[in-house]
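Chains B and P, in that order, are what the protein sequence lines are.
Residue 16 in full-length UniProt numbering is what sits at position 16 of the first sequence, and the numbering runs on without skipping anything.
Residue 231 in full-length UniProt numbering is what sits at position 231 of the second sequence, and the numbering runs on without skipping anything.
If you are wondering where the hints come from, they were derived from the structure by calculation, not from laboratory data.
Be a bit skeptical, because a hint or two may be false.
Unchecked claim - Incomplete in silico selection of chain B near chain P, CB under 10 Å:
#1 11
#2 41
#3 43
We treat Cβ as the ideally placed atom computed from N, Cα and C, and that holds for glycine.
Residues per chain are reported as follows:
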Amino acid sequence: MRLLPAGDRAVLVELGNLDEVLGYYAALTADPPAEVIDIVPAAHTVLVTTSGPLGALSQALRAVTPAGTTQVAGDLIEIPVTYDGADLDDVARLLGCSVSEVVARHTGDEWTVAFCGFSPGFGYLTSAGTWNLPRRESPRTKVPVGAVALAGEFSGVYPRESPGGWQLIGRTTVRIFDQDREPAALFHPGRRVRFVDAGRG
Amino acid sequence: MSSLTVIESGPLATIQDRGRAGQAALGVPASGACDRAAYELANRLVGNVAGAAAIELTYGGLVVHADTELVVAITGAPCTGVPLNAPARVRAGELLRFGPPATGLRTYLAVRGGVDVPPVLGSRSTDLLSGLGPAPLTAQQTLPIGTLVEPMPGVDLAPVAHPPGGEVRLRVTPGPRRDWFTDAGWAALVEQTYQVSSNSNRVGVRLDGAPLDRSRTGELASEGMARGAIQIPPSGTPVIFLADHPVTGGYPVIAYVTEPDLDACAQLRPGQPVRLID
Chain B
1 MRLLPAGDRA VLVELGNLDE VLGYYAALTA DPPAEVIDIV PAAHTVLVTT SGPLGALSQA
61 LRAVTPAGTT QVAGDLIEIP VTYDGADLDD VARLLGCSVS EVVARHTGDE WTVAFCGFSP
121 GFGYLTSAGT WNLPRRESPR TKVPVGAVAL AGEFSGVYPR ESPGGWQLIG RTTVRIFDQD
181 REPAALFHPG RRVRFVDAGR G
Chain P
1 MSSLTVIESG PLATIQDRGR AGQAALGVPA SGACDRAAYE LANRLVGNVA GAAAIELTYG
61 GLVVHADTEL VVAITGAPCT GVPLNAPARV RAGELLRFGP PATGLRTYLA VRGGVDVPPV
121 LGSRSTDLLS GLGPAPLTAQ QTLPIGTLVE PMPGVDLAPV AHPPGGEVRL RVTPGPRRDW
181 FTDAGWAALV EQTYQVSSNS NRVGVRLDGA PLDRSRTGEL ASEGMARGAI QIPPSGTPVI
241 FLADHPVTGG YPVIAYVTEP DLDACAQLRP GQPVRLID
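Next comes chain B alone, as it looks inside the complex (with noise of 0.2 Å):
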């Protein structure tokens, strides 16, 4: 673990991997400092924004132990999705086998919001799984609300209609960010989800 410099406001965690970020992140969301204002997890690292001084925060998250557990236990949401992205052919091709076993993949592995980000409730979504796939050589203008969609190790799912590079698997009606609802973000990270195949549409 190294603590870098991230201004008069906040500290950047740096850890080894996910797995010690979802970890790390447990442990502090859990028993947060004082004056912690954000905690922002993320792939390798954990940004701590604060409005106290620097000093005590830095020393603060030294003496953080990683918890070891970080799924909630009951917190599982389900994601009927209909597969029929756009991407969904170039994905099979890219891992070396056929559409309906992609969608065996993606429904049968359990997804864990690892960190939100990119825009409001957006999930970087991770599973045991080995999913490592490139993001599409020119993003999209326009991916639709609700695309079900994979780069890298993560999955995701598009809370509003933006641009984006991910390849797109499928759609969902669920509405993943509300700005109107309580809570209005779906994923947080820690967050576990299943994906269920609501058949072509």
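Place chain P on chain B using the hints.
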């Protein structure tokens, strides 16, 4: 109920308050007023409760009609045609016309009672990147004014300096990815005079100048970034993150602008010379 009506919105006028801090883990940016000191001062001058929503305008151009008698305060970039840094009474039927500012970029109009649009995720701020909060103001729009006020502070005038018109110096400290750049790259960052690009907005101030040398190639995994982060995209020229910056970013952050100099970033105008001081 008090209200004002937008007659002309100018280049960009948005509603801003203290923003949505505390929700970054859900991918929700902080947003909020870009020049926080100017915004806070405007609210205090009219005796608003802390965090009341005000109007942030970019390069003047706003014309508003007082539908009822209002008490207002205007701070930040000094626009022609309106009083500055002082509470002022505006009679029903009067117009406030904001001419172009002499220096600086962003001006704040606070109305006693606060702009009372419905909050979204705990804030009335317009976030242009995320599309959260109210849309930018448009002509003919009527804005309700609330009633959440403290006693008037009894201040006639706040003696604050106008944003500077010439070269602006911003103190910086090394960021988490300083080591992605050579010493020559760092030297180039703090020794050259940059110019503010016209491509700048509430997400970030883009600076034009000579590109920086990197000591390593490859991609950075996206990581969290705070306001004031100086990100170096592949072009090699800096972007200083402002209020509507995304929660995470994938380009290395070479440095951060120090906290006391952050509000000055919000007042930088396209073409203005900027030095980053180590």
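Hints, one by one, checked against the model:
Hint status for residue 11/B: holds, given a least beta-carbon distance of 9 Å to chain P, under 10 Å. Contact between residue 41/B and chain P, as hinted, is supported at the beta carbon level, the nearest pair being about 7 Å apart and thus within 10 Å. Interface hint at residue 43/B: satisfied, since its Cβ lies 4 Å from the closest Cβ of chain P, which is below the 10 Å cut-off.
Checked against the numbered hints listed earlier, the structure breaks none of them; every hint is satisfied.
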